[in-house]
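Undergrad: Next come the chains, spelled out residue by residue.
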Amino acid sequence: MTAVTDTGVQRSWYKRNEIAVTPWLFLLPAILFFSVYVIIPIAQSFWISFHQWDGLGEATWVGTANYERLLFDDRKFSVSFWNNIKWLILYLLAIPAGLFIALFLNQTVRGIRLYKSLFFFPFVISQVVVGLVFSWFYLPREGLLNAILAIFGTGPVNILGDPTLATYGIIAAGLWPQTAYCMILYLTGLNAVDPEQVEAARLDGAKGYKMLWYVILPQLKPATFIAFVVTIIGALRSFDLISVMTNGGPFGSTRVLSFYMFEESLSEFGFRMGYGAAIAVVLFFIMLGFIVYFLYSMWRDDQGGR
Amino acid sequence: MFPTPIEKTSRQWQLTYQAILPFALIVWLLPLIAVAMFSIKPDADFTNGNYWGLPSSFEAFNNYGRVFFESNMPRYLVNSLLITIPTVIGAVALSCMAGFALGVYRFKGNLFIFFMFIAGNFVPFQILMVPVRDMTINMNLYDTKTGLVLFHVAFQAGFCTLFMRNFIRALPFPLIEAARVEGVAEWRIFWFVVLPLMKPALAALAVLIFTFIWNDYFWAVVLTQGPDAQPVTAGITEFNSQFRAAYHLMSAGSIVAALPPVAMFFLMQKHFIAGLTLGAVK
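In the order they appear, the protein sequences are chains G and C. With the UniProt record's numbering applied, the first sequence corresponds to residues 1 to 306, in that order. With the UniProt record's numbering applied, the second sequence corresponds to residues 1 to 282, in that order.
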């Protein structure tokens, strides 16, 4: 108590409210930055989506006209939307594939650590590089894929030039790094599996598939949750690969919402910011559904904490 | 341990496993191996149709030399560094503070602000694109490295805060209470008690953000153009149209662009994975 009275009978306002004020001082810069670059732009995008705007002149209010055109009168939008659905579903294959590789690598032989890191390689490099590499891999005449197919006496196929195959070709390229990511999640998860439970289950005669399903997978639930989150977000964010590998083509068949939005706002169709914003809003709502689910799960977990 | 440790299985399976391992790795990395091979081939191999065979001569010095001395690649690399390093510092600094506030104090709106950061971090980039681009142009920061850095710092603050807050929550709280009882000022608790304990998280985040920002392509295309400010990811696509059929140069360029994050990963592997798994392992 004497230490306090040393500085005067009345402590400063800050001293008295230190515990209440400090967190806000610490939060201020982050909230400021985040609001200016993330929160406010979301609201602005909503606002812009009700306008017709070339990004330079005056924006004209058009109400819901952009949305009406999107939903009822735009084939490019429906193509993009269905491609997004394909991405969402097929991208999830990264989770079982990652689990499979993780199980394969979860051994303690010589040099396994190096193997694990090399298997993780595709995730670390940029999607732009992955896109370039895969487009060479798919080259119609000279590509390695066709060289391999020729060994089995089939092909050649021009994956990226074929409107029915191109999207799948790009998703396959995307699965490569994503599987590597899920693999790492599962490898760390497997590290934390309780050996006693495994032993106990072994004594009870569980093995192989049954062991995996009833004993291991439940313990891997946190890893699966994160894998699910990052894969869904990754699928909806897919842009780099499409831009690098096909630029939306052939005949616009590989567009997804994120790419179509970019195209409408910033490239060949001219600067249709309002229409682009409307596409972005639709994408936002799709993602919002998942975000709310993730947040709910996290909130539920958090209740157990301090 | 699952699956059954290899030492406890039959000799035959042990040998098979040892043999499958390198084979699987080669198949898995086939596209990359091919690019590495491309990058040391002479141009003539491609015109002669020798795409996938061994190089007819070793041209690594020649190819990489041309990438470094006859293209814009060095400029793009420098740009990438000048964008990535300030972003890492900025985002980590902001989120340390925000994470401390959210992890240590109980106040109204704590959870709300925390969720705002998480939700913002998951948002599709496209919903931010038009307003952020517009704002950057209005601030005269379009096509500058600063413009990119400011955006990246702000956006990454979301992910970093999520990470930091969870990390700080897992720290032993009595330590902070003890400091308070001693009458230590709150900012000193942050600086002298919490920050030193955060070192592993700092390292993990720094490596992770480095890779994320280095590999960013979307914002590079939206907020910059041309070799003055563009990072290597955007540069390589320009490089692609410049050397459309020059696979040997393109490959060398791709390898150069991929090297820094790969090196980072190998040097800081432990931290990198700790960052990625984000509490998946308890």
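These aren't lab readings, by the way, just hints derived from the structure by calculation. These figures come from a predicted structure and were not determined experimentally. Be aware that one or more of the hints could be misleading.
Derived lysine-lysine pairs resembling DSBU-like cross-links, with alpha carbons at most 35 Å apart [what the hints assert, rightly or not]: (1) G:Lys-116 to G:Lys-207; (2) G:Lys-76 to G:Lys-116; (3) C:Lys-108 to G:Lys-207; (4) C:Lys-108 to G:Lys-116; (5) G:Lys-210 to G:Lys-221; (6) G:Lys-210 to C:Lys-199; (7) C:Lys-8 to C:Lys-270; (8) G:Lys-221 to G:Lys-116; (9) G:Lys-221 to C:Lys-8; (10) G:Lys-15 to C:Lys-8; (11) C:Lys-270 to G:Lys-116; (12) G:Lys-76 to C:Lys-199; (13) C:Lys-270 to G:Lys-207; (14) G:Lys-15 to C:Lys-108; (15) G:Lys-86 to G:Lys-76; (16) G:Lys-15 to C:Lys-270; (17) C:Lys-199 to G:Lys-207; (18) G:Lys-221 to G:Lys-207; (19) C:Lys-8 to G:Lys-210; (20) G:Lys-86 to G:Lys-221; (21) C:Lys-108 to C:Lys-199; (22) C:Lys-108 to C:Lys-8; (23) G:Lys-86 to C:Lys-199; (24) G:Lys-15 to G:Lys-210; (25) G:Lys-116 to G:Lys-15.
Undergrad: State for each hint whether it applies.
TA: Checked hints:
1. G:Lys-116 to G:Lys-207: holds (25 Å)
2. G:Lys-76 to G:Lys-116: Distance of about 42 Å is beyond 35 Å: violated.
3. C:Lys-108 to G:Lys-207: violated (50 Å)
4. C:Lys-108 to G:Lys-116: violated (45 Å)
5. G:Lys-210 to G:Lys-221: Measuring from Cα to Cα gives roughly 16 Å; hence the hint holds.
6. G:Lys-210 to C:Lys-199: violated (41 Å)
7. C:Lys-8 to C:Lys-270: Answer holds: C:Lys-8 to C:Lys-270 is near 28 Å, not above 35 Å.
8. G:Lys-221 to G:Lys-116: holds (21 Å)
9. G:Lys-221 to C:Lys-8: Holds. G:Lys-221 to C:Lys-8 sits at ~27 Å (cutoff 35 Å).
10. G:Lys-15 to C:Lys-8: violated (65 Å)
11. C:Lys-270 to G:Lys-116: holds (12 Å)
12. G:Lys-76 to C:Lys-199: Violated, at about 49 Å.
13. C:Lys-270 to G:Lys-207: holds (31 Å)
14. G:Lys-15 to C:Lys-108: Holds - the C-alpha atoms of C:Lys-108 and G:Lys-15 are around 20 Å apart, at most 35 Å.
15. G:Lys-86 to G:Lys-76: holds (15 Å)
16. G:Lys-15 to C:Lys-270: Measuring from Cα to Cα gives roughly 41 Å; hence the hint is violated.
17. C:Lys-199 to G:Lys-207: Between C:Lys-199 and G:Lys-207 the Cα gap is close to 41 Å, so the pair fails against 35 Å, i.e. violated.
18. G:Lys-221 to G:Lys-207: OK: G:Lys-221 and G:Lys-207 at ~19 Å, within 35 Å.
19. C:Lys-8 to G:Lys-210: The hint holds at about 19 Å.
20. G:Lys-86 to G:Lys-221: holds (25 Å)
21. C:Lys-108 to C:Lys-199: holds (29 Å)
22. C:Lys-108 to C:Lys-8: violated (56 Å)
23. G:Lys-86 to C:Lys-199: violated (41 Å)
24. G:Lys-15 to G:Lys-210: Distance ~61 Å between G:Lys-15 and G:Lys-210 Cα, so the pair is violated.
25. G:Lys-116 to G:Lys-15: Violated. G:Lys-116 to G:Lys-15 sits at ~53 Å, over the 35 Å cutoff.
Checked against the numbered hints given earlier, the structure breaks hints 2, 3, 4, 6, 10, 12, 16, 17, 22, 23, 24 and 25 and satisfies all the rest.
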